[in-house]
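**Q** Protein sequence lines correspond, in order, to chains A and B. Here our numbering is used: the first residue of the first sequence is 6, the next is one more, and so on. Here our numbering is used: the first residue of the second sequence is 2, the next is one more, and so on.
Note that these hints are calculated values from the structure, not bench results. Among the clues, some could well be false.
Result set (PhoX-like, lysine-lysine): computed pairs, CA atoms no more than 20 Å apart in a straight line [as the list claims (entries may be wrong)]:
no. : chain 1 : residue 1 : chain 2 : residue 2
1   : B       : K150      : A       : K13
2   : B       : K82       : A       : K38
3   : B       : K82       : B       : K112
4   : A       : K280      : A       : K295
5   : A       : K9        : B       : K82
6   : B       : K137      : A       : K9
Nothing here was measured: the structure is a model prediction, and the numbers come from that model.
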Amino acid sequence: MNDKLLDKWLNGTLSTSEMEAMKEHPVFMEYLKIDSFVKDLDLPAQDASEGLNHLKQQLGSEQKTKVIKLGWWLKVAAAAVIVLSVGYFYNASLSQDFSTQLAQTQTLQLPDNSQVILNENSHLSFKENNWDENRSLSLKGEAYFEVTKGAVFDVHTEHGTVTVLGTKFNVNDRKDSFEVVCYEGSVGVKFKNTYLKLSPGDKAVLRNDQLLSEKKYTTEPGWIHNESTFHNRPIEMIMEELKSVYDINIITKNIDVDLRYTGSFTNLDLEVALKTITLPLGLEYAIDNKNVTLFAKD
Amino acid sequence: MEDEKDICSEVQFDKVYSSLVVSLRNYIYFKCGSKDRAYDIAQEAFIKLWQNCAKVTSKKAKSYVYTVATNLFLNEVAHEKVVFNYRKETTRSINNQSPEYLLEEKEYGEKLQRALSQLTEIQRTAFLMSRVEGKKYREIAETLGISEKAAGKRISDALETLRQHIENI
Chain A
6 MNDKLLDKWL NGTLSTSEME AMKEHPVFME YLKIDSFVKD LDLPAQDASE
56 GLNHLKQQLG SEQKTKVIKL GWWLKVAAAA VIVLSVGYFY NASLSQDFST
106 QLAQTQTLQL PDNSQVILNE NSHLSFKENN WDENRSLSLK GEAYFEVTKG
156 AVFDVHTEHG TVTVLGTKFN VNDRKDSFEV VCYEGSVGVK FKNTYLKLSP
206 GDKAVLRNDQ LLSEKKYTTE PGWIHNESTF HNRPIEMIME ELKSVYDINI
256 ITKNIDVDLR YTGSFTNLDL EVALKTITLP LGLEYAIDNK NVTLFAKD
Chain B
2 MEDEKDICSE VQFDKVYSSL VVSLRNYIYF KCGSKDRAYD IAQEAFIKLW
52 QNCAKVTSKK AKSYVYTVAT NLFLNEVAHE KVVFNYRKET TRSINNQSPE
102 YLLEEKEYGE KLQRALSQLT EIQRTAFLMS RVEGKKYREI AETLGISEKA
152 AGKRISDALE TLRQHIENI
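This is chain A alone, in the form it adopts within the complex (with noise of 0.2 Å):
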C-alpha cells in the first residue's frame, strides 16, 4: 500500500479518486472498518465554563484582579520590563530541573518519551534545547532510567559517567558511594582512567577508588517500590539510608561498629523498617518522635 495515500488518508486530505484506488487494498478495507468503530467511541462531554467554575472554587476566590491605569512612560518601562523578562524566561525554560527532598521520590518525562524515577535527596538537570542530538544530564544523587532508543546518552555525576543507548539502569552517586546497576541493555561506566561495559545484572560499585564489577540478581531497584536493600553492606551505611529515607536522626549504644547488614527494609513504615533490620542483628530500638535510639541486647 501507498504511505503517502496512508498518510493524506489519516490527515484528511485524501481525494475521491485517490479513495478509490485506496480501496483495492483488502488491508485498507480492515483500516477503514477500523476507523469506523473507533470513531463511535464514546468521548465524554466536557463543559469547560463548569470546569472553570469548580475550578475557582478549589482555588478560593480570594483572588481579584486589580487594573492600574499606566501613564505613557510607565507602559514603556513595563514593556521593557517584558521584554527583558521574555527574554529570562526563554533562557530559563532551555534548563531544567528537578530536585527532590528526604523522604520524596519523583517520575519525570523527557523530551525523548525516556523515563526518570528520581530518588530522595537527589537533584537532576538537563538542557532541553536540542535534546534529540545531544542526550546529556546531570545527576547528584539516585535515579532510575528508562531510555528509549536513539542518541547517545549520558548522565554526568561527581564520581564518573555512565553512557547508554536505550536500556534500564539505577545510578547512586552519594557522598561516599557510586553505583551503578544495569538491568536492561547495556551500560557503560568510566571512572578516571577504569571503563566498564555492564551487561544485564551487572553492577559496577567503587570501593577503594577502585572500580569493580559485580553480580546483582535484581530486574528493578528497590527504591522505586519504596524499598531499600543491601547486600552484605556496613552498619553505619543502613543507618544513613534510614536517615535520609525517614528524616530521622539516629542515636547508638553500644554497637558493634563491624556489623554488616543483608535484606530490604520499607520505605513506608518506620517500625517495620526498624524491626526488620533490629531483629536479625540481634539489636533492640526505641523511637523518641525525630530520635530514634538503636541498642544492643543484654
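Please arrange chain B on chain A, whose structure you already have, making use of the hints.
**A** Just chain B, lined up with the frame of chain A:
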C-alpha cells in the same frame, strides 16, 4: 504582544483555560481510559498553572499544562486496565440487519476494545487524537512535541498494530 499577556490576570487565565481544557482532558483520557481521573488531572494541571502564573508566559502555557498533566499521570501508582466504551446510539446503520451480522459486529467491537488496551500508551494517544478528535498531524505533532513525520508514524503504526491484534484475537 498578544501572546505575552499575563496569565496572572483572571481574564487571560480564563481564556487559556477555555481554549485548552477539552483537548487536555481528552489527551489524558486516551492515556488512562477514565474520564473522571482525566478531568481531575487536567484540573490539577491548571491549578499548578495558576499558582505559577508569574513564571509561565501565555505562549508556554499549553506545553506547561501538558507536561504537568503527563507527569501527574505518570506519578499515579496504579495504572488500571484501559477500556473505552462505545456510544449508545451508533452512527453506523444497524437497522434491518440480520442477527448474525449484528453479533459479528458486536464481537468485532469487543476485539477492537481489547486491541486498543494493548497499544502502548504513546501510540494510543496519538492514534485517538487523530481518529476520535479528528486532529491533523500538525496539531498532534505540536501538542506532543514531536515532528509531523513522527506523529504520522505513531498513528499508522498504531493502526497496523490494531489490525494485527484483531486478526490474532
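**Q** Decide, hint by hint, whether the structure agrees.
**A** Do the hints match the structure? See the list:
Simply put, K150 (chain B) and K13 (chain A) have alpha-carbon atoms about 12 Å apart, close enough for the 20 Å limit, and the pair holds. Between K82 (chain B) and K38 (chain A) the alpha-carbon distance is near 24 Å, which puts this suggested pair outside the 20 Å criterion. A hinted pair counts as satisfied when its Cα atoms are at most 20 Å apart, and K82 (chain B) with K112 (chain B) qualifies at roughly 15 Å. For the hint linking K280 (chain A) to K295 (chain A), the alpha-carbon distance of about 17 Å falls within 20 Å, and the restraint holds.
Our distance criterion of 20 Å between C-alpha atoms is broken by K9 (chain A) and K82 (chain B), whose separation comes to about 34 Å. Restraint check: the Cα-Cα separation between K137 (chain B) and K9 (chain A) comes to about 15 Å, which is no more than 20 Å; the hinted pair holds.
Hints 2 and 5 from the list above are not met by this structure, while the remaining hints are.
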